[in-house]
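**Q** What follows is the residue order along each chain.
Number of protein chains: 4
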Amino acid sequence: MPYPQLNERFQQIRRTTELICAPLTPEDMVVQVMVDASPPKWHLAHTTWFFETFLLKPYLPQYKEFNPDFNFLFNSYYESIGKRLQRTNRGNITRPSGAEVLEYRYYVNAHMLQLLDLELDKAVLDFLELGLQHEQQHQELLVTDLKYTLGTNPLFPVYMEKTYNQGAIIDQQWLPINEGVYTIGFSGEGFSFDNETPAHKVYLESYCLSNRLITNGEYIQFIEGKGYETSHFWLMEGWEWRKKEQVEAPLYWFKQDNTWFQYTLAGFQEVDILAPVTHISFYEAYAFAKWSGFRLPTEQEWEVASQLYPFSNHSVFAGSFLFHPQRETEFNLLGNCWQWCYSNYNPYPNYQQAEGALGEYNGKFMINQMVLRGGSCATPQSHIRNTYRNFFHPVKRWQFSGIRLAKSL
Amino acid sequence: MPYPQLNERFQQIRRTTELICAPLTPEDMVVQVMVDASPPKWHLAHTTWFFETFLLKPYLPQYKEFNPDFNFLFNSYYESIGKRLQRTNRGNITRPSGAEVLEYRYYVNAHMLQLLDLELDKAVLDFLELGLQHEQQHQELLVTDLKYTLGTNPLFPVYMEKTYNQGAIIDQQWLPINEGVYTIGFSGEGFSFDNETPAHKVYLESYCLSNRLITNGEYIQFIEGKGYETSHFWLMEGWEWRKKEQVEAPLYWFKQDNTWFQYTLAGFQEVDILAPVTHISFYEAYAFAKWSGFRLPTEQEWEVASQLYPFSNHSVFAGSFLFHPQRETEFNLLGNCWQWCYSNYNPYPNYQQAEGALGEYNGKFMINQMVLRGGSCATPQSHIRNTYRNFFHPVKRWQFSGIRLAKSL
Amino acid sequence: MPYPQLNERFQQIRRTTELICAPLTPEDMVVQVMVDASPPKWHLAHTTWFFETFLLKPYLPQYKEFNPDFNFLFNSYYESIGKRLQRTNRGNITRPSGAEVLEYRYYVNAHMLQLLDLELDKAVLDFLELGLQHEQQHQELLVTDLKYTLGTNPLFPVYMEKTYNQGAIIDQQWLPINEGVYTIGFSGEGFSFDNETPAHKVYLESYCLSNRLITNGEYIQFIEGKGYETSHFWLMEGWEWRKKEQVEAPLYWFKQDNTWFQYTLAGFQEVDILAPVTHISFYEAYAFAKWSGFRLPTEQEWEVASQLYPFSNHSVFAGSFLFHPQRETEFNLLGNCWQWCYSNYNPYPNYQQAEGALGEYNGKFMINQMVLRGGSCATPQSHIRNTYRNFFHPVKRWQFSGIRLAKSL
Amino acid sequence: MPYPQLNERFQQIRRTTELICAPLTPEDMVVQVMVDASPPKWHLAHTTWFFETFLLKPYLPQYKEFNPDFNFLFNSYYESIGKRLQRTNRGNITRPSGAEVLEYRYYVNAHMLQLLDLELDKAVLDFLELGLQHEQQHQELLVTDLKYTLGTNPLFPVYMEKTYNQGAIIDQQWLPINEGVYTIGFSGEGFSFDNETPAHKVYLESYCLSNRLITNGEYIQFIEGKGYETSHFWLMEGWEWRKKEQVEAPLYWFKQDNTWFQYTLAGFQEVDILAPVTHISFYEAYAFAKWSGFRLPTEQEWEVASQLYPFSNHSVFAGSFLFHPQRETEFNLLGNCWQWCYSNYNPYPNYQQAEGALGEYNGKFMINQMVLRGGSCATPQSHIRNTYRNFFHPVKRWQFSGIRLAKSL
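Protein chains in written order, with my numbering: chain A, 1 to 409; chain B, 1 to 409; chain C, 1 to 409; chain D, 1 to 409.
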């Protein structure tokens, strides 16, 4: 066994994905309530397809494909790998059943362990690392997608009981950063996605970043201060979106008898005013910032501050901890909620897209999306780093997305 | 036990609904691939809700509702019974699970049997009869809906093995009917829906009706004769629909290497040229008739012919028999496929809509839909009669719908 | 001049079309505010194209087409005559200008008069008659289409001053008709469209038809009686339409300070409670009838009543007389408003569609539309007859459409 | 007359707007073929409304509004100024007529000249300058909007005859720029929009910018090299857009008998292979750049290069000169075509949005749009400067938008 640690890590990550699905029924595993939220069964199969397509088929001698139809069913967006199911149809595919998909996982796992018994080129090991990182990305999506399915069910089912205690709010402080040339982006050892590279210099004007996230209590002040009804706090397309979709509060919030409730993975609960606000769009984050008199940071500002204030352990609880019960003592820029930046997900200077299918991993999404930084309560811990660039369209709300404010000096 | 036969019949019909679902997986039970095709789980629950809402709650003393949320979830379209889930969302509801829905069925069944131990008013017995007829209607929809879910899955799963032998085509003959005043519509003993009443006189010009349905083989001639590419065979809205939806053959048909295949409940099979064509829209039926030089009958013409030629046992096989293995020797106007009529689903003269929630059963759908007559291989046999008025929008194809031609003299 | 009367009539009808446009600006002539309401300039050109295409090109020796591009621009829906502009784009075509279109009209008129100097076959004369009838149909559409354009302009421009006096309401009476076999449909001398033929027998149950139309005052009672908020008065698709489109009153009605106003061709005016209600959909007509305890007639009932009560001169004023200042003393089933019938626009028994392009005139529209009978204040008088079948989709409101009630006995 | 030059400039700019409309018919003035392309009449009125609303009403004593309805009709997007016509409806408004709108212009002009006879505060003069700049922006939109209307007319009308001679292609060269800190953004005297400020430092890696625009001939190589059929040259959303809209060439291009033609303001013409390609979306510009092996510049790269190479007079002809017959000897980064940058239209560091209605001028559009730099053949010459930030959504093609390549070192 030439790679005992990798072997162990492979198995642990694969198992975690299945554990996330453990509280689900077979019915929960198959439906797709909105186009962004893929069925858990699809996530289980797609992450497996990734290992089969990019590792086993090319590199394991005499590997026999589990089922040739699965390439069509479980390819996500790789044009170079052939035709694929329309994304909107993922929830229509009742067969293969959940049990068959698990069989597929076990089949591929077993062959992956065979592969790991061979001596592998660095290129193969890089693919494997990408497969693991890819699976961890889908673990987070699994959580947000299943929350969406359960959270739009009128019965508001409990996914898991809440296992942490409520925290205390910390004082808001401004962390100052001087103008100057800084370096951002990933460099050095370890894994990163191509979109985090290359490291490069940026010039920043002086600014401050807040030491903590905006809380539900502060967000309720925005709501009660007519933030949702006042057009001049909003970007024009945000305002049109808000009116058309009749948005009046974060996703999963409901007002009953003058009290705000929200659907959480622990069920229907009163909103915790000390927890960070989450499940808001970029448009809402922008409007809140404008209402507050401050602004959202750029991703460059966010990353430089994270370099300068690495030990800051101010924190508030996230709405529902999954992977990180200890999050409350962690570095506060990370975890809890992703934080919308006023930066578009565009390539860094000198960014190089990979060759072949893996070149489709990141580069082709670099348009119309906003960057989020930090990580959330649903992000696998080893997946969190301060160069990581998450990205979504400005209307999306089903991720654990929140607000950290900045101000110019 | 004052109603032993009714008791028996109630149990038999309820059991049949569940048997139809027996070959399905839990995943098959929950999804909704298109708005018309409700999830099997929903059918199981909705037919149960009907008995609970219209029989148990008002008439069984001290009946305790199984779950108050279910009224919202499983009401289909009764405005007078309160708010309801949007039809488009039926496939999003993973909870209650299939197991819970079966529990709901058993709970309601048990209480229905308690009710059947009481002496019941005629009004209550009428409701009960309606509930049974309603459940039988949903048995047919269950079959067509699950066929749609399985038939759009790229794996084309087998629902049941084919259990009949192929038949021989019979000669096409014209059954003549003289002009005159005839009576149509339901009268006499036994059950009918309100839309079949009252019986009334109609004046018909002389005409002929064909003794059999159009076969797949004849339909292939229409396809090969450029029927789908020739605008003047089509109604204008049919032509627009055909172009927009790129319709070039019946639903579930696929051409591979110059041979026509179709998805059937027995899986992916070569098209049987002797079987009646089915899964076509009214627009296609109209275009075929025009291409052939004949026309579709009106529902009045259909019904009068069925009175005059009741013993005609010319027949061809349906694509997949479910309830009626003996269909081949049956009265040929019924069974096999529903037959599109060039008649709108409008009220008969002196039609009276019922009071209250049951008044919503039929009358409010009397617009924009075309009548189909006969019954199909998926229609419960006791549910077939020659006054029965089925109805669908002219674009619908997921029912077992076919063509019987007429001509004027 | 072999046809002096026809020559005269041709010129008079052509002139009338232009007179309808006289109060319009060049800008009014070109826009298309909704897909149904074609630009006046298009009507002027299309009616001319009809004569050029079906009369001059085939029958006038050495006729030279005015402009070959016009066949593409001004064909309405004749598939057999070649490609055509999408209906939705008619309002985008600023060139040819209105002046050029008038030039086109005069050019075609001059050549038509040359044609009328020849001895013509009956077939050619029939086409000519159809061209005149066709132009008269477009005269009515011109009026309703320009009303839509002006009526959705916030300035509510006046098209013409009101030139009639307000009338007095007449008592509502029920005109009884006995059950029996009657003949309807066109026969005999003179022009009719193919959809009015052949004359044929129908059997009617006994019924009554109202002697007059429903007035605005009566319709306001329906509104105030929560007719628009009560689902059980409505067909299901009507109810869905009403909610989606937020319909709460007839088209062109506005409530200000508790008084109902409406846009009329004479500008923005208070609603006249004695005038017949108009600009309502079939769905609204149905709901009103249900609310009133009566029902809409079928087209057969309407036509037979018009045969039996031909001299009835009960009348109420229409909202805005165009062609018929004398309408108030006319036969009251005709004029004022078209009357929605609960009959679909389907073919009569033994209906024969014409050969060639003219076969596209009527038959291909025989689906999804409801029949209206009578004629309106915008209908050319010579165009009114009791066999005439007008037809529109049940949601349409921009025609002068109203309500005459019926009841069964 | 305290401001003779301003008085003169005001009159000249206002007259220019009307001159652009001189070749149009009244019909051309009113229609809106797509939502982005407003009717010329609307532009004439809206620019006038701007002066009336922001200058005359607040600052000219006893000014009487021309027509109170015009605020609703001709407000573009200022939420703070009251309700407004939906943008999609601008083409439905046939009244006021073009003549009335001209009357409105003359009325407002006359009163503006009265205002210019008074001593005015700097704040008022700033508003006036903004009004003039605003009107010049609309002059360019007028040209692109009327081109769209005429260019989608099957008759392809000529707007103006071509008045320049064809040029010769210049050699492509790379202009090198070293890495370092540079300052961009507007500072100093003269007018700028708020979005160009404040001037600020940026750090750039070393790069090269091309000395000229991509030509039609080069773009044809991309088309013939299957650029439009090869997914990996495209951003994913660009690829989806291309497939859905069936885009296969720049807007206004048509292939006939293997030759490319295009609609120009001088009518339907063969594509000039030496002229710069224009009317392409950001997605097409991106795909071309990727196909070529280079990339699009950022707006910072573009602006710094324009500082370093100010006298470069390499040039190629634009497709159709309007304001700039001398463009061929001009500074080549400006004029001809706007150049898509791979930069989002986001605020500069320390950007301050103005107070009140004018704060709506730019800031609220800072999402989902890409920056274009340079200016086009339709841009008023005094309106061109190297800090100017134009912006459009990445799918837009009706502007004169083209490609200048960059490369990293």
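No wet-lab data here; the hints were simulated from the structure.
Remember, predicted model here, so these are calculated numbers, not experimental data.
Take the hints with a grain of salt, since some may be wrong.
When chains are identical, the list treats them as one kind, so a pair holds in a single copy or across two.
Stated by the list, open to error - Here are the computed lysine to aspartate or glutamate pairs in the DMTMM-like style, where the Cα-Cα straight-line distance is at most 20 Å:
hint, residue 1, residue 2
1, Lys290, Asp36
2, Lys244, Glu79
3, Lys364, Glu240
4, Lys83, Glu237
**Q** Please work out whether the CA atoms of Lys83 and Glu237 approach to 20 Å or closer within one copy, between two copies, in both situations, or in neither?
**A** between (34 Å within a copy, 17 Å between copies)
**Q** Which holds for Lys290 with Asp36 at a C-alpha limit of 20 Å: within a copy, between copies, both or neither?
**A** neither (28 Å within a copy, 28 Å between copies)
**Q** Classify it for me, Lys364 with Glu240: is the Cα-Cα distance of at most 20 Å met within a copy, between copies, both or neither?
**A** between (27 Å within a copy, 12 Å between copies)
**Q** How would you label the pair Lys244, Glu79 (within, between, both, or neither) given a Cα cut-off of 20 Å?
**A** Only across copies: Lys244 and Glu79 sit 16 Å apart there, 33 Å inside one copy, limit 20 Å.
Hint compliance for this structure: hint 1 alone is broken.
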